[in-house]
Amino acid sequence: MSSAVRLTALAEALHRFEPPWIEVARVYRRICFLRLEGLAEEAQGVEDSEFAGAVARARAACGTGADSILDALMAEERERVAGAVAFAEVLVPMLTRRLSGLSPATAAAPAPPRARLPARDASRGIADFIDDMLAQERAGAR
Amino acid sequence: MTTATIEKQPASAQPSAVSFPPPARTAPAKPALLLIGLDLGTNKSCVLAGPAGSTDITVSKVVPSVVGYVKDGIVDGIITGNARILYGAEALDQMLHVDLVAPLDEGVISRPEAARDFMQHIRQLADPSGRAEIRAVVGVPANAGEIARENIRRSVQGIFSRILLIPEPFLAALGYRDDSRVKQPGYVDPVVNSLFIDIGGGTSDLCLVQGYFPTRDDQISIPFAGDAVDELLFDELNRTYPNNGLSRITVREVKEANSYVGPSRKPLDIKVVIGGKSRTLELGDAVGNACNALIDKIYPALTTLIQSASSDSVVTLLQNIIVTGGGSQIKGIDTVLQKRLTDDGYESPKVRLAGQDFQRYVAMGALKAARAARENQWQVLLG
Chain H
1 MSSAVRLTAL
11 AEALHRFEPP
21 WIEVARVYRR
31 ICFLRLEGLA
41 EEAQGVEDSE
51 FAGAVARARA
61 ACGTGADSIL
71 DALMAEERER
81 VAGAVAFAEV
91 LVPMLTRRLS
101 GLSPATAAAP
111 APPRARLPAR
121 DASRGIADFI
131 DDMLAQERAG
141 AR
Chain R
1 MTTATIEKQP
11 ASAQPSAVSF
21 PPPARTAPAK
31 PALLLIGLDL
41 GTNKSCVLAG
51 PAGSTDITVS
61 KVVPSVVGYV
71 KDGIVDGIIT
81 GNARILYGAE
91 ALDQMLHVDL
101 VAPLDEGVIS
111 RPEAARDFMQ
121 HIRQLADPSG
131 RAEIRAVVGV
141 PANAGEIARE
151 NIRRSVQGIF
161 SRILLIPEPF
171 LAALGYRDDS
181 RVKQPGYVDP
191 VVNSLFIDIG
201 GGTSDLCLVQ
211 GYFPTRDDQI
221 SIPFAGDAVD
231 ELLFDELNRT
241 YPNNGLSRIT
251 VREVKEANSY
261 VGPSRKPLDI
271 KVVIGGKSRT
281 LELGDAVGNA
291 CNALIDKIYP
301 ALTTLIQSAS
311 SDSVVTLLQN
321 IIVTGGGSQI
331 KGIDTVLQKR
341 LTDDGYESPK
351 VRLAGQDFQR
361 YVAMGALKAA
371 RAARENQWQV
381 LLG
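Quick note, the sequences are listed as chains H and R, same order. Position one of the first sequence corresponds to residue 1 (our numbering), numbered consecutively onward. Position one of the second sequence corresponds to residue 1 (our numbering), numbered consecutively onward.
Note that these hints are calculated values from the structure, not bench results. Take the hints with a grain of salt, since some may be wrong.
Claimed, not checked - Below 20 Å or equal to it, Euclidean Cα-Cα: the simulated EDC-like pairs (lysine to aspartate or glutamate) are:
| # | chain 1 | residue 1 | chain 2 | residue 2 |
| --- | --- | --- | --- | --- |
| 1 | R | 331 | R | 375 |
| 2 | R | 331 | H | 50 |
| 3 | R | 297 | H | 128 |
| 4 | R | 44 | R | 56 |
| 5 | R | 266 | H | 48 |
| 6 | R | 183 | H | 128 |
| 7 | R | 30 | R | 127 |
| 8 | R | 44 | R | 113 |
| 9 | R | 297 | H | 47 |
| 10 | R | 297 | H | 50 |
| 11 | R | 297 | H | 23 |
Whenever a hint applies, use it, and build me the whole structure from the sequences.
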């Protein structure tokens, strides 16, 4: 492999970490998932709108070499999505067996309704709202 | 070693050298504590600052979110003070001599080094002495991810001592609230039951605020806002008037002066200078189409949130839909959104604009939060 080809591959790899291309990858990943879920129409809608816009912005930021970056990025995302789906197909049954083995009652119980804190309580101050926010962040982090 | 000897001397004698006991040790003065409310916007940031324990606002500035790195080879004296880095309006004024860098894209930090330089500038604005301890509440887009939040924390490490990150639309509600009227009968507290639409440069954030801190499901952030409208208008201009040579900055200025939504307003004749010559371009459809695209993005998110509100709160909620941010300056945006809701059968909707302080509400809410935050709620920035 010549040094020119190695440099091109490196440049491609570096470009993919720039924000416009990260966005392109994210949207294309979503299109791949939608297609795998059988939602072809929705996938086409995203491709025609969000993906087209993201690619246009990335091309504008990139200049030359955009086509090769785009091709490589799309191939990589297709592979990534396929790998994730294959992994999930193996993992989900495994987790289901393990979780049902640990606590059948819990595994079968429906998720509790989203709790809403009391509204219109005039005594609640800004610090109380901040407490709510921090509690949500901790719950989301778990 | 010096010894202290005090002797009685005759009046005519020369005074002898004496050493005095060292002064009593005093504790070093504690640095002043300054609180900042910061709306870090993609195009414009707003900073409000004031001393802790006071309601005074000592700094209130809107700063274009841009850093200008002076190009190599610029002759001494061209740049004031021969500075190497310029910020905000000063950077834009000297755009021929600097490399302009926007630290944010779509509401989040995309250029960490420039973001850090920008934060240093914010600190300098708030505390010219450089001696105060600063705690800041910083607005973040609704549902900002952990990477975006971590980038903000890193950008202020060593600059602020403590930080709190709070979603912008909630801060807008806090800032918009008239605290002096909260207990008045008939005053509708925006924090109790309202829907805020904050249209900035990078994102349009919608948020249900109903007396509790909004959850993820109560907030929608759309990466389509002022910058996306600029882009559409730019593309449309290049289609209609090829090789017009207008810069994105000029296109934005045209948009900000003439933006509208709703039916086409023609003719909209705009005078611009192209290649040194004055030209008149008719931009009615171009401006209208670009701005109406924003409505098409916002409206589905608006109805999604309305439909998620509880049935006993939604009628009042519909009366309290508030548009803020730069997008609130688009002519007709309140009327058009209200009409669409009415046409779609929603009960007596009322959409209003936040008013002339639209640029400051997020920062005002952030400063209020900074003043109210308890000690254990702040995040300590190490380093």
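Hint by hint, here is what the structure shows:
This hinted pair does not check out: residue 331 of chain R and residue 375 of chain R have alpha carbons roughly 43 Å apart, beyond 20 Å. Our distance criterion of 20 Å between C-alpha atoms is broken by residue 331 of chain R and residue 50 of chain H, whose separation comes to about 26 Å. Restraint check for residue 297 of chain R and residue 128 of chain H: the C-alpha separation of about 33 Å exceeds 20 Å, so the hint is violated. A C-alpha spacing of about 23 Å is found between residue 44 of chain R and residue 56 of chain R, which places the hinted pair above 20 Å, so the restraint is violated.
The suggested pairing of residue 266 of chain R with residue 48 of chain H is violated, with an alpha-carbon distance near 30 Å, which exceeds 20 Å. Between residue 183 of chain R and residue 128 of chain H, the direct Cα distance comes to roughly 18 Å. Compliance with the 20 Å bound is thereby established for this hinted pair. For the hint linking residue 30 of chain R to residue 127 of chain R, the alpha-carbon distance of about 15 Å falls within 20 Å, and the restraint holds. Pair hint residue 44 of chain R plus residue 113 of chain R holds up; C-alpha atoms about 18 Å apart against a cutoff of 20 Å.
Restraint check for residue 297 of chain R and residue 47 of chain H: the C-alpha separation of about 16 Å stays at or below 20 Å, so the hint holds. A hinted pair counts as satisfied when its Cα atoms are at most 20 Å apart, and residue 297 of chain R with residue 50 of chain H qualifies at roughly 11 Å. Restraint check: the Cα-Cα separation between residue 297 of chain R and residue 23 of chain H comes to about 18 Å, which is no more than 20 Å; the hinted pair holds.
In summary, the structure is inconsistent with hints 1, 2, 3, 4 and 5 from the numbered list given earlier, while agreeing with the others.
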